[in-house]
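Colleague: For reference, the chains in residue letters:
2 protein chains.
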Amino acid sequence: MKPKAVVLLSGGIDSSTTLYYALNKGYLCRVLVFNYSQRHVREINSAKKIASLAGVDYLVLKLNFPWRGSALLDKNAKIPLGKEDRKEIPSTYVPARNIIFLSYALSYAESISASEIFIGANAVDYSGYPDCRPQFIRAFQKMALVGTKAGVEGKGIKISAPLIKMKKSEIIKLGAKLGVPYEYTWSCYRGGKISCGRCDSCILRKKGFKEAGLEDPLWKK
Amino acid sequence: MKPKAVVLLSGGIDSSTTLYYALNKGYLCRVLVFNYSQRHVREINSAKKIASLAGVDYLVLKLNFPWRGSALLDKNAKIPLGKEDRKEIPSTYVPARNIIFLSYALSYAESISASEIFIGANAVDYSGYPDCRPQFIRAFQKMALVGTKAGVEGKGIKISAPLIKMKKSEIIKLGAKLGVPYEYTWSCYRGGKISCGRCDSCILRKKGFKEAGLEDPLWKK
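The listed protein sequences derive, respectively, from chains L and U. When we follow my numbering, the leftmost residue of the first sequence carries the number 3, and every step to the right adds one. When we follow my numbering, the leftmost residue of the second sequence carries the number 3, and every step to the right adds one.
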């Protein structure tokens, strides 16, 4: 029997590649998608499409964030445009977002007896988020081992972030090999009908495809 | 200016005592209550009442747990009755519940620049939950430091579980001194109009008041 895994899918390049990576490794995957009233709610449709194309069951979970604190949640805030070399944590940071996402994944994984959670966190071409770093994943792993029945009575649930040290171009090359349908992924932080091409996320995507020597199929659709 | 704190309040004895403890320590408290479709949804009304009596602002957050995995969520499952000396984790365990609760508290605390989170977790008279133990709180604390902006750019948010090593009777004695209105707290796991007096939680409460040498005002109402 295949080992079970919960895969967090946002509909972007990293999480979609992570899903195909986990499938390729032989896991029976269950996809978890979050609707947290993000401005770029369009990515949820991308996530559903990607999961369907991969032939994987998905669950869309509505999360409430009644407090502000991020340009990704606040429709009146400006999305920062293309500052690649900043050192500060950007305004699109959502307080404890990945912590909440992974906590739900842990609950779901434990309830279906999955042995692993896959998350597309990436610390190289990332936008400065503290909850995308290897030390965060390691700390969450330790906490998950002592805080769950699965960890206390069994081997616990493994948190895997296979892309965490890869460059965007390397992720895209890997995904292209695995057959990820990138034309259906969504990266833009702004809520428009087409990608803006100017926000942090769009710029990272462009750069990634360029460095990978591949054409972004998003623009061919 | 008073330091700000987020207090998790379920409406039971431990969390209510924790709220009064934090207020007594001089914190400006913001209360977070979770509605996760628990069978004993009545405790939410108790939590609101306690927060109001304490003169503290509260926020009730609806959480979705679409998966099963606990007798506290599944209306068809039996609530276990009074086995005090068990070693197994009981069926009322909700996968990763405190992990999710603390993650939300972390997000809320960060968004309002609170310096501390108070949780009424207790590891002595507890029902065998892994996420109520000191080692869990410590591991969550470490994870919270590396996974948030508050931890990376500042001193981070402290996770305090002041009752974690206290016996139920000691908690009740402390709460009585602090003026906690125990007549409005709710402990019973079952969804009835009055406490069943027979579930784990009711039995712990009875024993606690008895050992504290106090009368439970719940039964005087």
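Among the clues, some could well be false.
Given that identical chains are not distinguished, each listed pair holds provided it fits within a single copy or across any two copies.
Claimed, not checked - Derived SDA-like pairs (lysine to any residue); straight-line CA-CA distance at most 20 Å:
hint: 1; residue 1: K64; residue 2: N37
hint: 2; residue 1: K144; residue 2: V154
hint: 3; residue 1: K6; residue 2: I46
hint: 4; residue 1: K144; residue 2: W221
hint: 5; residue 1: K167; residue 2: R200
hint: 6; residue 1: K195; residue 2: P219
hint: 7; residue 1: K175; residue 2: R44
hint: 8; residue 1: K50; residue 2: W69
hint: 9; residue 1: K144; residue 2: K160
These aren't lab readings, by the way, just hints derived from the structure by calculation.
Colleague: Pop the pair K50 and W69 into one bin, within, between, both or neither, using alpha-carbon distances up to 20 Å.
Modeller: between (27 Å within a copy, 19 Å between copies)
Colleague: Given identical chains, is K195 near P219, meaning Cα to Cα at most 20 Å, within a copy, between copies, both, or neither?
Modeller: within (16 Å within a copy, 60 Å between copies)
Colleague: At most 20 Å between C-alpha atoms: does K167 with R200 qualify within a copy, between copies, both, or neither?
Modeller: neither (24 Å within a copy, 53 Å between copies)
Colleague: Could you place K144 and V154 in one of the four classes (within, between, both, neither) given a Cα distance threshold of 20 Å?
Modeller: both (12 Å within a copy, 19 Å between copies)
Colleague: Classify it for me, K6 with I46: is the Cα-Cα distance of at most 20 Å met within a copy, between copies, both or neither?
Modeller: Neither. Shortest intra-copy (23 Å) and inter-copy (35 Å) distances fail the 20 Å Cα cut-off.
Colleague: One pair to classify: K144 and W221, alpha carbons no more than 20 Å apart. Within, between, both, or neither?
Modeller: Classified as neither: same-chain Cα gap 42 Å, cross-chain 43 Å, threshold 20 Å.
Colleague: How would you classify K175 and R44 at a CA-CA limit of 20 Å: within, between, both, or neither?
Modeller: For K175 and R44, neither the intra-copy (25 Å) nor the inter-copy (53 Å) Cα distance is at most 20 Å.
Colleague: Evaluate K144 and K160 at a C-alpha cut-off of 20 Å and name the case that applies: within, between, both or neither.
Modeller: Classified as both: same-chain Cα gap 10 Å, cross-chain 18 Å, threshold 20 Å.
Colleague: At 20 Å max between alpha carbons, let me know whether K64 reaches N37 within a copy, between copies, both or neither.
Modeller: Both, since 5 Å and 14 Å are each at most 20 Å.
Violated hints, listed in ascending order, are 3, 4, 5, 7; each of the other numbered hints is respected by the structure.
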